[in-house]
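In this text, residue positions in the sequence shown follow the numbering used here: the first is 11, and each later residue adds one.
Fair warning: there could be bad hints in the mix.
[To be verified] Calculated cross-link-like contacts (lysine-lysine; reagent style BS3-like; alpha-carbon spacing at most 27 Å):
hint : residue 1 : residue 2
1    : 26        : 102
2    : 290       : 279
3    : 222       : 374
Honestly, the hints are just simulated from the structure, not real lab data.
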Amino acid sequence: MAKKNFLSNLLLTFLKKLFEVPESHSNDLGDIKKILIVRQHNQLGDLLAGISLLRAIKEKYPDSSITIILSKENYKGLLKNRFIKELFVFDKSKLFNPNYFIKLIKLLRKEYDVVFVPVTVSISFTSNLLARISKSKIRVGPKSLDGKINESQFFFDRRINIDWRKHPDSHVAERILDLVRPFGIDTNDFSSEINFDDDDISVAKKFLNEIKKDNSSFVIGLHVGAGKPQNRWSLQKYVELIELLNQNFNCTFFLTGSDADNEELNYVKSKSKINLPVFKNMEISQVAALISHADLFITNDTGTMHIAGSTKTPQISLFGPTNPYNWAPVGVNKHFIRKSELIDDITVQDVYELASQIIKSKTKDENK
11 MAKKNFLSNL LLTFLKKLFE VPESHSNDLG DIKKILIVRQ HNQLGDLLAG ISLLRAIKEK
71 YPDSSITIIL SKENYKGLLK NRFIKELFVF DKSKLFNPNY FIKLIKLLRK EYDVVFVPVT
131 VSISFTSNLL ARISKSKIRV GPKSLDGKIN ESQFFFDRRI NIDWRKHPDS HVAERILDLV
191 RPFGIDTNDF SSEINFDDDD ISVAKKFLNE IKKDNSSFVI GLHVGAGKPQ NRWSLQKYVE
251 LIELLNQNFN CTFFLTGSDA DNEELNYVKS KSKINLPVFK NMEISQVAAL ISHADLFITN
311 DTGTMHIAGS TKTPQISLFG PTNPYNWAPV GVNKHFIRKS ELIDDITVQD VYELASQIIK
371 SKTKDENK
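Model the full structure from these sequences, guided by the hints.
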């Protein structure tokens, strides 16, 4: 460990001498036209919850063009985003591929007016380095995060202290803006957004037409998986919830997921007496289109929760260890349930009662 720290400090010292830029305390970014954002270090949920940053930039500079660098794990969340002009996928495994490396360098060496490196829960040395290599007049990044100093802050001339501890229950969609607020960049719209096209809608409608029991049935989607085991509500409780809803309402159900969720999907399907078609391994924009045509979506705290959060569909998100005030989707009819750090402290009745209220309210509105 000591040897590793020594080598890390040696590398930082070398890079500081080579790449350090003088810090500026000016809040004037000047006339901005070309913007680069580096977010290759964020997971899909972080990315989708922070759409407010893109919106704020375009509200402040409507004629600007945004280029964004994302990771191969999260880029699909912004493939059709209306705020972005150009998207580049950063993949460390391809850096020794000459063609890929040349494309990356060409992208970075375009003349940008400003580059931003947003942070949520961690600081990325790689993202900071990419920002420094870029040919930009101004570089904005974290000076510290929650009191922890960014050791590569010298890559930036505008260095911002980010501290969630001041507002522990504030949403990530608001906190992501702390990086740019000093420059007068802000928004009052913290909602997420995934853009989908007619092709995506066509795929979604075809699936719904095949599964709907009748035109009057209430369409309910469920996402029973999650990357983190502690964020997964009991599969048996999902089975019981589906049965209870089916007994009391005229419902059509569907599940979403990928091959990574096969174990969970197979369990719920095998234990349920109800037909549960699966919308599996589909593009994010197609999943968003499908959920947007559902009447209710129930989900664990995971990436698909944020996809659903980008739609106007009523939603129930189930939380355990994560603070929902930080991460739950925001907007009208976006509900969450959390009883404790143990997600299974949420009962079937808890979810059923809220779902019943949503169904009855929607049915009442339709019958007016």
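So, going through the hints one by one against the coordinates:
1. The straight-line distance between the Cα atoms of residue 26 and residue 102 is roughly 22 Å, inside the 27 Å bound, and the hint therefore holds.
2. A threshold of 27 Å between alpha carbons decides the hint, and for residue 290 with residue 279 the separation of about 13 Å falls inside it, so the pair holds.
3. About 21 Å separates the Cα atoms of residue 222 and residue 374, which keeps this hinted pair within 27 Å; it holds.
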